[in-house]
Amino acid sequence: MNSPAIRVSGLKKNFGASEIIRGVDLDIQRGERHAIIGPNGAGKSTLFHLISARLPVTAGAIELKGENVVGLKPFEIARRGLSRSFQITNIFHNLSVFENLRCAVLWSLGYRYSFWQRLSGLKDARQRAEAVMEEIGLSRRRDTPAGILSYAEQRALEIGITIASGADVILLDEPTAGMSNTETEEAVAMIRRVTEGKTLVMVEHDMGVVFGLADRISVLVYGQIIATDAPAAIRCNAAVQEAYLGTSLHSGIAS
Amino acid sequence: MNSVIFPRGRLLLWGGGLALAIALPLLFKSGFMVSLLCQMGIMVVFALSYNMLLGQTGLLSFGHAVYYGLGAFITMHTLNLIGKDGSPLLVALLPLVGGLAGMLAGVVLGYVTTKKAGTTFAMISLGIGELVAACALMFPGFFGGEGGVSGNRVIGKESFLGFTWGPQVEMYGLIVLWAFLATVAMFALTQTPLGRMANAVRDNPERAEFVGYDTQRVRYLMLILSGLFAGIAGGLTALNYEIVTAETLNAHTSGVVLLMTFVGGIGFFYGPIIGAILITVMQIVIGGLTHAWLLYFGLFFLFMVLMAPGGIASLIAVQHKLWQAGLLGRMLPHYLATALPTLVLLAGLVGLIEMGYALLAGEGVGAGDTATKVMGMEMQLNAPGPWAAALGVAALGLALTRWIGGRTRVAWNATLSTLHGDKA
Amino acid sequence: MEFVVISLLNGITYGLLLFMLSSGLTLIFSMMGILNFAHASFYMLGAYFAYQISTWIGFWPGLLVAPLLVGAVGAAVERYGLRRAHRFGHVAELLFTFGLAFLVEEIVHLIWGKVAVDYRIPEELDGTLFSLFDTDFPIYKGFMMLISVGMLVALYALLTRTRIGLIIQAALTKPDMVEALGHNVPRIFMLVFGGGTALAGLAGVIGGNAFVTEPGMAAAVGSIVFVVVVVGGLGSLGGAFVASLLIGCIQTFSVAMTLSITDVFAVVGIALPEGSQVARLTITQLAPVLPYMLMVAILIFRPRGLMGARES
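Chains as they are written, first to last, in the numbering used here: chain X, 1 to 255; chain D, 1 to 424; chain A, 1 to 312.
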């Protein structure tokens with residue numbers, strides 16, 4: 001338990017001539033719920049893409065549980081216990097809800113590329129998928145193709161796929177984007193439930209969600225982290241208030 | 001809810017299919033029918049192996065004949081190699097040799113092709129296909145040049161359980177056996193972790209990577225396995241025709257298997273079976289009736305791409321759903337009403353095409369003929385009458401089809417919304 | 001020396017012809033995400049149209065009319081076929097163009113028969129442009145080069161000097177952006193498809209009589225053009241240009257070389273065992289497979305292609 005879950009140091013990312021991530025240092029402790037906030041275009045999603053290897057790093061280091069992961073492929077990072085969700089729903093559209101979740105658990109249960117075992121005989125995979133389905137509240141929709149679920153249901157499935165593998169480091173990219181208030185409340189409760197005992201990093205715009213869920217908050221502005229602290233301290237941080245110009249943060253403080 | 005190991009319906013379907021396949025040559029004893037059935041059996045395996053790529057993994061290949069053809073050549077060479085020392089039992093096992101050859105080809109060629117997916121894969125598969133086809137012409141020693149490689153499937157002095165594989169009907173038995181085993185194996189594969197992950201990679205390769213799967217590896221493995229079954233089909237072809245030419249591994253054969261699979265329906269396991277049977281019959285029956293059959297074939301394919309991209313299997317599946325919901329009865333009169341003007345349109349088009357072919361294409365028909373028989377009617381090609389008549393029939397058919405088709409579409413949409421409404 | 005110069009000139013002529021095809025293919029692919037499988041079919045149509053027109057009113061009108069006709073056919077195909085297939089996704093589009101290639105070949109069979117037609121070089125262009133040592137360089141090859149380079153300049157001017165050209169160029173690198181900016185995309189698609197196929201048609205007009213006009217010409221050229229596009233890098237016009245010339249030269253040089261593999265290895269100092277079939281092959285015999293081998297090598301060592309920007 002000595003090395004942090006994620007340690008990012010001196011991380012940079014250029015797209016052509018423009019620098020999007022300009023030297024980020026960030027330590028995420030094991031077991032904490034960490035939110036990354038910041039104005040649009042600050043590079044929050046890009047930071048996630050770098051950590052999960054969806055995009056190649058320009059410079060800097062990323063360690064996952066003490067191991068360097070720069071240069072690894074997404075599936076290699078996933079196998080090391082980091083799982084992520086996407087801002088734009090990223091599910092297996094033609095497969096049923098149950099199959100979506102079963103696909104997400106197969107690797108972690110060690111079935112790899114097996115073509116000699118019958119899926120229906122894999123009791124552990126079925127039970128795990130069903131348990132996750134219960135947790136995200138989609139048991140009713142077990143055999144519905146994921147592509148025709150409602151938006152909120154797809155978002156729930158997105159989180160379900162992310163946590164199904166049992167990864168201990170979870171990255172959620174705007175899990176409540178586009179949801180109504182009621183849906184958001186349900187989603188927050190669900191996220192709290194399913195990430196119990198795990199390391200959670202999330203990008204979120206809804207300040208209610210952020211301040212309600214996070215143990216610590218980092219503020220990313222123009223590709224740099226200007227503050228990392230407990231929610232209460234972030235509220236009073238002058239630099240943060242300046243970056244936000246008192247707009248959206250106010251509503252967060254008010255709530 | 002809980003999964004039964006062998007659902008009775010499925011068992012019944014497989015058993016019924018097998019029984020039908022065995023019974024068919026007893027019903028149709030003519031040699032022509034038996035050869036047709038043999039060809040169908042082989043094509044079913046080939047098309048199913050193709051759908052492992054297209055339908056299950058989302059890989060559109062333009063070079064699948066390579067695995068089929070190499071399987072056929074290796075089988076033929078092995079047959080000639082064992083020659084006099086062989087026995088009918090060994091011959092019966094030869095398709096497995098073809099399968100291993102196809103698999104090996106998959107291991108080598110797939111390493112290059114499956115690095116990419118999507119459009120790039122399609123182009124590369126075409127290039128690799130051309131490469132192998134060009135090699136076939138460069139190495140006449142192995143591929144037999146223009147004449148191909150031939151052999152004799154009847155070897156050894158004794159029979160195996162009374163079989164020598166000499167009579168075509170015995171060969172058919174062997175094909176049914178292999179086709180059944182291969183089909184069961186390919187279906188079983190769809191129900192394994194690899195098979196399911198292939199679907200996942202088809203749907204969303206990015207997400208598959210983020211749940212821990214190397215999509216390139218999934219594609220590679222699926223291609224290798226698909227090569228195995230294509231090779232088995234190739235081995236059966238070698239035994240069935242006792243000759244293998246470079247034609248078996250060229251772009252034309254790759255195109256035909258793609259057409260069969262697509263027309264049958266790539267979204268369902270049984271789709272390619274329908275496609276293989278239908279297209280084989282069309283090839284032989286329509287091919288025997290008219291020289292323009294390839295043109296009809298192309299038109300039919302384009303029609304399917306534009307009107308029913310899910311193939312025949314998806315059309316069946318929708319009707320089945322309607323039937324279950326008790327709505328099929330509502331649509332039947334509309335189907336019949338549309339069929340009539342469509343037939344008129346077809347008659348007009350066929351007349352035009354046949355007359356055009358007779359007048360222009362020549363070769364075999366006699367170029368510049370002044371008269372031809374279309375649907376039993378003698379047509380004078382140098383007179384405007386028949387042309388105007390055919391054009392008129394086609395135009396009438398088109399107008400009627402559009403008119404009635406429009407009403408059918410309205411009814412169709414209404415029925416569909418009732419169907420979905422019931423569900424929600 | 002003369003061998004090198006003449007082969008190089010032939011190679012460039014052929015390479016430029018390939019570029020007329022691959023540039024249209026690249027533009028269509030970059031704009032619309034469609035790999036036009038039937039692209040070489042339009043090349044074939046260009047040759048046949050030009051042949052037909054030349055029998056009626058001569059070669060020169062055909063040079064202009066045939067490509068326009070092919071472009072019109074292309075635009076109609078986009079408008080009434082592809083646009084519909086587009087709704088069903090990329091695989092349906094690809095299959096549509098695949099079926100189209102099949103159909104065009106059959107229609108050519110129907111109208112012009114299964115054997116080559118007598119599409120000849122016009123008398124004015126029949127002759128020798130210059131002689132190098134003992135080898136003649138025909139006027140027509142020079143004419144082909146002239147047309148190709150003229151087309152190249154026109155295309156360049158269109159892409160860099162006109163509004164629509166700028167939009168097309170933007171689509172090469174940022175296809176999503178152009179769509180997001182709300183240009184009349186369907187109209188541009190039809191234009192690009194028509195333009196690309198017209199280019200292929202023009203290539204057919206000048207290539208059909210230089211080589212041979214027969215129903216198999218589409219399939220023969222088609223796969224080579226795909227190789228060009230993969231080698232050059234999908235979506236890269238510059239890459240398509242370099243790869244076209246490269247493959248044009250490889251093909252003309254290899255056809256003209258009578259060295260066998262054994263000879264080649266002997267130059268490097270390796271003696272191959274006598275008698276094996278591989279060792280006795282000459283470079284000329286290898287010529288048909290060389291482009292594909294180049295493609296495989298590129299895929300293994302530089303999967304993006306020579307100048308491609310996009311990964312897959």
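Heads up, some of the hints might be wrong.
[Unchecked claim] Coverage of chain A stretches by chain D, computed from C-beta distances (three or more under 8 Å per stretch; other residues unrestricted): (1) 91-102; (2) 193-205; (3) 297-307.
[As the list claims (entries may be wrong)] Now the in silico label distances, taken between C-beta atoms and shown as ranges: (4) D:M307 - X:D124: 52 to 58 Å; (5) X:F15 - A:F265: 45 to 51 Å; (6) D:G147 - A:R83: 55 to 61 Å; (7) D:Q319 - X:F15: 46 to 52 Å; (8) A:L132 - D:M307: 55 to 61 Å.
Hints listed in this document are in silico derivations from the structure and should not be mistaken for laboratory results. Where a beta carbon is used, it is the ideal one built from N, C-alpha and C, also for glycine.
Falls inside 45 to 51 Å, the C-beta gap from F15 (chain X) to F265 (chain A)? With a Cβ separation near 48 Å, F15 (chain X) and F265 (chain A) satisfy 45 to 51 Å, so the hint holds.
Mind taking a look at whether chain D covers the stretch 193-205 of chain A? Criterion is 3 or more residues with CB to CB distance under 8 Å. violated (count 0)
Verify the coverage statement for the stretch 297-307 of chain A against chain D, using a C-beta to C-beta distance below 8 Å and requiring 3 or more qualifying residues. Check passed, 3 qualifying residues.
The hint says 55 to 61 Å between L132 (chain A) and M307 (chain D); measuring C-beta to C-beta, is that right? Because 58 Å falls inside the window, the suggested range holds.
With 55 to 61 Å as the target window, see if G147 (chain D) and R83 (chain A) comply at their CB atoms. 47 Å, violated
Outcome of range test on Cβ distance (Q319 (chain D), F15 (chain X); 46 to 52 Å): 51 Å, holds
CB of M307 (chain D) to CB of D124 (chain X), is that within 52 to 58 Å? Given about 45 Å between the Cβ atoms, the range is violated.
Under 8 Å between beta-carbons, do enough residues of the stretch 91-102 of chain A, three at least, approach chain D for the coverage claim to hold? holds (count 9)
Of the numbered hints given earlier, the model fails hints 2, 4, 6; all others are met.
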